[in-house]
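Participant: Sequence:
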Amino acid sequence: MNGEHVILPKGRLGFRLGKGQCMRVVDVEGQQVADVMAYHEKDFYEKFDQGATMDSLFSSKVKKGDKLYSNLYKPMFTIIEDTVECHDLYMPACRQEMYQLLYGRTHLEVMHTCYDNLRTAFEPFGIPKEDMYYPFNAFMNTVIDEKGKLSVEEPKSLPGDYIRLRAEMDLIVAVSACPADIGKCNGSSCTSIRVEID
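The numbering of the sequence shown is numbering that gives the first Met the number 0, which starts it at 0 and goes up by one.
There's no promise every hint is true.
[As the list claims (entries may be wrong)] Per label pair, the in silico range of CB-to-CB distance: (1) GLU129 / TYR72: 17 to 27 Å; (2) GLU122 / SER150: 25 to 35 Å; (3) GLY103 / LYS73: 32 to 42 Å; (4) LEU100 / LYS128: 17 to 27 Å; (5) GLY103 / LYS18: 38 to 48 Å; (6) MET53 / GLU96: 21 to 31 Å; (7) MET53 / THR119: 20 to 30 Å.
For the record, the hints were derived by calculation from the structure and aren't laboratory data.
For every residue, glycine included, the Cβ atom is placed at its ideal position computed from N, Cα and C.
Work out the full structure, taking the sequences as your base and the hints as a guide.
Facilitator: Here it is as structure tokens:
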């Protein structure tokens with residue numbers, strides 16, 4: 000599935016990424032979060048893990064040269080290029096229940112979520128539905144204050160900013176153009192994400 004693929008606002012994309020292949024996730028218009036989730040192609044038990052990545056890096060921040068790890072503490076990706084260096088390893092994929100709890104929105108008011116996007120993108124590959132996804136949230140700007148309070152602020156990514164990841168194992172990947180239209184997560188509006196695979 001080499002080439003360029005545009006994910007429309009609030010949309011998703013699922014694809015295979017072979018070991019050694021690279022994917023570039025591009026913020027087309029700026030300030031748009033992209034949830035990136037991955038599984039080992041042959042063993043769906045092994046998947047990207049936020050906690051294992053922070054534990055392995057001794058850091059909640061990632062930069063060029065860092066690896067993103069699976070729940071089995073094996074490298075899944077290496078960051079080859081990164082024009083932003085502001086991403087999130089804390090937040091789960093947004094979902095209906097989150098909107099209800101945090102924003103008082105009903106099921107009928109929420110049409111798109113990252114949870115649903117990721118689940119739908121993985122379905123054609125036979126990956127079972129998860130209770131929750133804990134993705135690598137590219138371009139998300141999560142801030143922790145001195146009292147430990149978390150807040151999601153406007154992304155620092157500008158139009159055309161990107162992160163390029165190299166697969167360190169054969170993967171099935173899903174990317175969601177985050178549909179959160181409340182708060183500062185995606186700046187002022189939800190826009191598109193471009194994925195370039197080579």
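Participant: Evaluate each hint against the coordinates.
Facilitator: Each hint, compared with the structure:
1. GLU129 / TYR72: 17 to 27 Å: holds (19 Å)
2. GLU122 / SER150: 25 to 35 Å: holds (33 Å)
3. GLY103 / LYS73: 32 to 42 Å: holds (41 Å)
4. LEU100 / LYS128: 17 to 27 Å: holds (21 Å)
5. GLY103 / LYS18: 38 to 48 Å: Holds: the Cβ-Cβ distance is about 45 Å, inside 38 to 48 Å.
6. MET53 / GLU96: 21 to 31 Å: Holds - the Cβ-Cβ distance for MET53 and GLU96, about 24 Å, lies within 21 to 31 Å.
7. MET53 / THR119: 20 to 30 Å: holds (28 Å)
Every hint from the earlier list agrees with this structure, and none is contradicted.
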